[in-house]
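Novice: Residues per chain, in single letters:
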Amino acid sequence: MDTSDSEGDSRKSNNKPKYSKFSQQELPACKPRLTPGTVVVAFSLIGVIFILIGLASLSASQEIVELVDRYDADCVPTGDKVGFIQNSETDKICTRTLTVPKHMKSPIHIYYQISGFYQNYRRYVKSRSDKQLRYKNDVHVTKDCHYEANTDDGAPIVPCGLIAWSMFNDTFAISVNKNTIEVNKKDIAWKSDKNNKFGSDIYPSNFQKGSLIGGAKLNESIPLSEQEDLIVWMRTAALPTFRKLYGRIETDIMANDQVTVVIQNNYNTYSFGGSKALVLSTTTWIGGKNNFIGVAYLTLGSLCLFLAMGFIVLYMVKRRTLGDPTYLSWNRDTLDHRY
Amino acid sequence: MRPERQSPPPREATTGELEAMDVPVKLPDPVPSPISRQSPSVGLSMSRSLRSVGDAPSITFAADIRSGTRAESNASSSFESFRRAGSRPGAVARLPSRRSASERAGSQRDLRDEDARFVYINDAARTNAPPAKFPDNAVRTTKYSILTFIPRNLYEQFHRVAYVYFLILAALNQVPQLGVFSPVASVLPLAFVLGVTAVKDAYEDWRRHRSDENENNRTASVFVNGVFQPKRWKEIQVGELVRVVANETLPCDMVLVATSDPTGVAYVQTINLDGESNLKTRYAKKETMSTPTEALAGLKNTAWAIGVAVYTGRDTKVMLNSSGAPSKRSRLETHMNRETIVLAVVLVLLCSLVSLLAGIWLHNHDDELGVIPFFRKKDFSDPNKVENYNWYGTGAQVVFTFMMAVIQFQVMIPIALFISMELVRVGQAYFMVQDKHLFDDKRQAKFQCRALNINEDLGQIKYVFSDKTGTLTENRMEFRCASVHGGDFSETDGGEEDGHAVTADGVVLRPKTAVKTDPKLMALLKDGTGAKADAAREFFLTLVTCNTIVPIIADDEADPAAKLVEYQGESPDEQALVYAAAAYGYTLVERTSGHTIVDVFGNRQRFDVLGLHDFDSDRKRMSVIIGCPDKTVKLFVKGADNSMLGIIDKTMNTDVVHATEKHLHSYSSLGLRTLVIGTRELSQAEFEEWQMAYDKASTALLGRGGLLRGVAADIERNLRFLGASGIEDKLQDGVPEAIEKLRQSGIKVWVLTGDKQETAISIGYSCKLLTREMTQIVINSNSMESCRKGIDDAIAVVNKLRSLSTDSPRVPLALIIDGNSLVYIFDTDQEDKFFPTSSAISLFTKFFINMKTSIFPGANDVSMIQMADVGIGISGQEGRQAVMASDFAMGQFRFLVPLLLVHGHWNYQRMGYMILYNFYRNATFVFVLFWYVLYTGFTLTTAITEWSSVLYSVIYTAVPTIIVAILDKDLGRRTLLKYPQLYGAGQREESYNLRLFIFIMTDSIWQSLTIFFIPYLAYRKSTIDGASLGDLWTLSVVILVNIHLAMDVIRWNWITHTAIWGSIIATLICVMIIDSIPILPGFWAIYKVMGTRLFWALLLAVIVVGMIPHFAAKAIREHFIPNDIQIAREMENSRDSGDALI
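Top line first, the protein sequences correspond to chains L and R.
According to our numbering, the stretch in the first sequence is residues 0 to 338, in order.
According to our numbering, the stretch in the second sequence is residues 554 to 1695, in order.
So that you can see chain L by itself, here it is in the shape it has in the complex:
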């Protein structure tokens, strides 16, 4: 019976609400406002800053030397590409020669670029066991790995799942002007992955032993944390056209040098119409060659400056005194009988 409450209320000598700035909604507050001045200044400022950033990133991007060589079509005979690639007997060596247009400063990154490969395909991206990769006791946790989970006799496949199974297995041997150059494949994976995500006491087992081979095989004497190609591959790409780091060249390559790449063309992108390419690239602060960001910033900057001008013109043409009561609708009514 809630009446006891009201009884209490009425008996209380004073139930006046206590005054506080908060309870009266009178907290000190600032009221920023879009005056013509702030609008123009904001647009101009953004315009100038964006143009500067745009120029800087564009020049950084221009410095980058990038060689892209798509080799998937040229490295197989015309005809039955899939049959060729699936046949384990055929010789899959393919030699490509590239001319370097500009001086490339070390380190030069070697990437492979695959397109049409949906590493973000739902069925694919879920087919892995992070527990298994991390903890020795959990090697049998393979329920998400579907049919690449266990061998016929029930032993867990390490690493399990479609992702690991489909690991890239083309190899690149590089020589510049006929001199073989060592490709450094150390530290191509994230340090955090090596240290914390992939166990140093977990070794590959039962991997690629099924009847259908998806890709690379792993050396069973090397722990997962050292299998950098695997770690790189397991960081699934966000988009269907992606690059992955293959290795680094620690020496500069001069302009007009001939780079010869001997490719062991093993990986099957033919069955789904994907493409493969080899990429050699230098880097700057902006990452890889990327004109988009510079162009975008320049465009935006100019747009903002243009808007600033536009607003100046508009404000000049249609002046309005701020806070003029004659603009209130009920005052306007009597002026121009429209309402």
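Be aware that one or more of the hints could be misleading.
Among the chain R residues that face chain L by a calculated CB cut under 8 Å, a handful are [unchecked claim]:
{"id": "1", "residue": "GLU921"}
{"id": "2", "residue": "VAL924"}
{"id": "3", "residue": "GLN987"}
{"id": "4", "residue": "ASP988"}
{"id": "5", "residue": "LYS995"}
{"id": "6", "residue": "LYS1249"}
{"id": "7", "residue": "ALA1571"}
{"id": "8", "residue": "PHE1636"}
{"id": "9", "residue": "TRP1637"}
{"id": "10", "residue": "ARG1646"}
{"id": "11", "residue": "ALA1650"}
{"id": "12", "residue": "ALA1665"}
{"id": "13", "residue": "ALA1668"}
{"id": "14", "residue": "ILE1674"}
{"id": "15", "residue": "ASP1677"}
{"id": "16", "residue": "SER1687"}
These are calculated hints, taken from the structure and not from any lab test.
All of these numbers come straight from a predicted model, not from anything done at the bench.
Cβ atoms here follow ideal geometry from the backbone N, Cα and C, with glycine treated the same way.
Since chain L is already given, all that's left is putting chain R on it; use the hints.
Specialist: Chain R in isolation, oriented as in the chain L frame:
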């Protein structure tokens, strides 16, 4: 609240001229008690809600008790006699076994046996023996018990369709083929939302439980084994005798059997029930047990009373009436449903598109699916038997994709919106309650927010329908004018306030309220002779006797030698009349059931009250039969003028009648409430005849009320005209100003009153409802035909005025319409064809249809309050019933102005923006997910981690919008009150409409495009991994929607800053935590990606590109097409800077 007001509410709703009469004694069907003093059905007045409308539970007696007690003396029901009666176990009372709808049919209804409740007095065992199933007296107002809490609370929460939708999706998600989220993540948002509400409900219920416990464990004195013993309230049973001493509270509904007063009177105060501090009389009677006195009423001025418990526990009237007001939905919420449906359609479209594209993709790649590395349909683990793995055919895949898409994009319907709205309303209610401008200092009454789901309706009110008495007025009557024997005595200005103390038994008695007197009338009373003076004396004799006022004598704090006389009664009009009589020398000193003692100019006289006919709404008058000290028997009648003029003997002294009629007219024009007073001397024969008829009628079992009315009507005739009185009901403070503000703000104000037309118009002027510029249209018809003509004329007038006034199309108009005409209009409206022109419909039905978003402040009209979209109760002197039924309650009518113009405006503006923003922020997120799905082979993968997906709408972005919706103010209080027209923004739905919705949704699509495609274009053909890109998108969305909100915040205080920037930081922290879990695929991505400059460059670009349209549109809108609020804000700013300069 007086019972008369509760009589069938539709009458008041439909008949403009309300309050049928201004007759002081206002009681429904009289349920007479044998001593014919006053209807005990005052009990009604204590009930709290509609349920009690017209229900005065009748109680009939089994024959044995009636015959058994009839022999006993009427006058004394002493404790002894009670013991005799009580100790006889055969005593049985028959009461309605269950208070039911049938009771409302009428108090005189004969009860069927199976409906009857047999109460064996002082024999609880027999009373409660089967088949009777009476509950014990324990009350339980809690909704839940520990066992039922979870199921019942969930059941109630799932009444929201949206929650069912989320539940179905969470269930679908558990199907392996459809598992978009991990099981925990999928139920988390719903569980969170349900959990918050459940905790809130549990807390409220626990508080109710505690107060129940307190009530149940109070003790009462119960008659057990011949002695009164303390017993806990919850153990009291029907049939037990309970003794209550002064100032105690009654534990249950009981019928009084004896009191300390020899006449069996007990006075109860019902302040706990309806807030009325007046004392009400209850009688301990044998023949006809009267209305039970309700639980929780307090016993006053009576040393003790003994009653038999008849209704206990959940059968008590308090419990039956404590069902809350019907729940209402705000207009905004109703409109919100429309946009929710639009979003649902968009959701279905998105999902269909995705599943269609997925189907096409699968079809095109059909040959390759078997072996391609990222699909590999075929399972080769058994080389002899190659099977399809997890593949049900393209068709099934399409269906799965559709379902998964619904699960993935489910937040398109914002799950957090509902809980946010609830929280925001709690916050807004807090500020309304705390507002010192809504606090009534005089009554120490806080603003009350009783309904928590229509706050924002306060900002969209178009019509205010207001009761007059007690709402606009104080309901504190003051005697102003008297017309006696054709002479007008209203020159009270010259007279001084006369307390007129009288001395009785050596004690000075002073009436509590002094009344100004007219010296001429005073002189006439004291020294006058002749017909006029006699009439004047009888006039005041009528005033002092013909009422139900009880004088209460209390110590005078100012003067220890004197005593204060306070007149307690149920009608403020009667109080005013008795105080006036006291000022003129007729002081009521004592009243018992049989007589009154009046001090006439220092001379004590005893008047025997031989009979009393209560007020009823048919007769509209009340009369007493008085045995005067000079042994004559007189009938004194007072009543409404139209009912009295009919029974006046017009042959006598026509001059007086005409003069008085003229006076009545002029009193009405002054806005006074008028009463006409008449008398007749009864001969011995007449009296005896009456007494016989009366006795017969009052002991009748069937149709008692009607018989008594007949008896009254027979005797009330051929009256000699004494005069008329004019009582002023003062307007509350600030009412004219408030009404003027409301009118300026574009709200149409209707005042419903029971006064005569002249009175009504005059009050209309005095409260500034009507002004001189207004063209008045009066519709006052007696027939359907004339009503129709009236309407036609009115339309013609309106059209003419419209065409004439070219300078302003707004012609100030006022419509004055009486109850009969309204009834005709209602009838014809339902028949529909009666209206000749469509404009008539717009003129009249508009007013009714548009009761949508109308507001009804009223002190006592429960049904109106509940019918209105927003019911506002004035917690005035009239009691709490209106308050209990209202959505909001406040102390003064004038608080309506700050409530609507300030809080209503804020609430609406805040809530409207919050709903739009919630739609926008969830849609933005869903669109980002959607664009990505187009690049994943349409498989509903998200780069954004599932945890971020589910936390997005409940944690990442929920707090700022709630805080802003509680705290932001578009305009200051001063500005809003200075320019009431600003209220029009809410009436025109400027803060929430389809245009704004489309606008913000376009913005949402644009922002999602920038969030997705700028990083996409930059990271195309790069080494970016899904988790890193997902983190970038998560942060972009959260920062962008928060900056969007920040850009629309008008007042930044430290709380707003904390909420907005804090939630961006909280998001970053959450993302970091998620990325620190090694067994998630995205481990360490945020740290890695934040180390690249490209990330920051992209984030900046996304934010700027995303905000440019909103920023530019805002700049253009504010400067080139400013609305009133914008202009007012600029005025506010320039004023602020002006203040600063000074």
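Novice: Verify the interface restraint on LYS1249 (chain R): the C-beta must sit less than 8 Å from at least one C-beta of chain L.
Specialist: violated, 41 Å
Novice: Tell me if the interface restraint on ALA1571 (chain R) is satisfied: Cβ within less than 8 Å of some Cβ in chain L.
Specialist: holds, 5 Å
Novice: Let me know if the C-beta of GLU921 (chain R) comes in closer than 8 Å to any C-beta of chain L, holds or violated.
Specialist: The hint holds - GLU921 (chain R) has a Cβ within 8 Å of chain L, the shortest such distance being about 5 Å.
Novice: Against chain L, is VAL924 (chain R) within 8 Å by beta-carbon distance?
Specialist: With Cβ-Cβ at 6 Å, under 8 Å, it holds.
Novice: Would you check whether ARG1646 (chain R) satisfies its interface hint, that is, whether its CB is within less than 8 Å of any CB in chain L?
Specialist: Since the shortest Cβ distance to chain L is 5 Å, the answer is holds.
Novice: Return the status of the interface hint for SER1687 (chain R): holds when the least beta-carbon distance to chain L is below 8 Å, violated otherwise.
Specialist: This interface hint holds because 5 Å falls under the 8 Å limit.
Novice: Close enough to count: is the Cβ of ALA1650 (chain R) nearer than 8 Å to one in chain L?
Specialist: Holds, about 6 Å.
Novice: For the hint on TRP1637 (chain R), does the least C-beta distance to chain L fall short of 8 Å?
Specialist: Where the cut-off is 8 Å and the nearest Cβ of chain L is about 4 Å from TRP1637 (chain R), the hint holds.
Novice: For the hint on LYS995 (chain R), just tell me whether its beta-carbon gets within less than 8 Å of chain L.
Specialist: Hint violated; LYS995 (chain R) Cβ to chain L Cβ min 12 Å, cut 8 Å.
Novice: Quick one, is the GLN987 (chain R) hint okay against chain L at 8 Å, beta carbons?
Specialist: This hint holds: GLN987 (chain R) lies near chain L, its Cβ roughly 4 Å from the closest one there, short of 8 Å.
Novice: Given ASP988 (chain R) as an interface hint, is its Cβ closer than 8 Å to any Cβ of chain L?
Specialist: holds, 7 Å
Novice: Under 8 Å is the threshold here; is the Cβ of ILE1674 (chain R) close enough to any Cβ of chain L for the hint to stand?
Specialist: violated, 10 Å
Checked against the numbered hints given earlier, the structure breaks hints 5, 6, 14 and satisfies all the rest.
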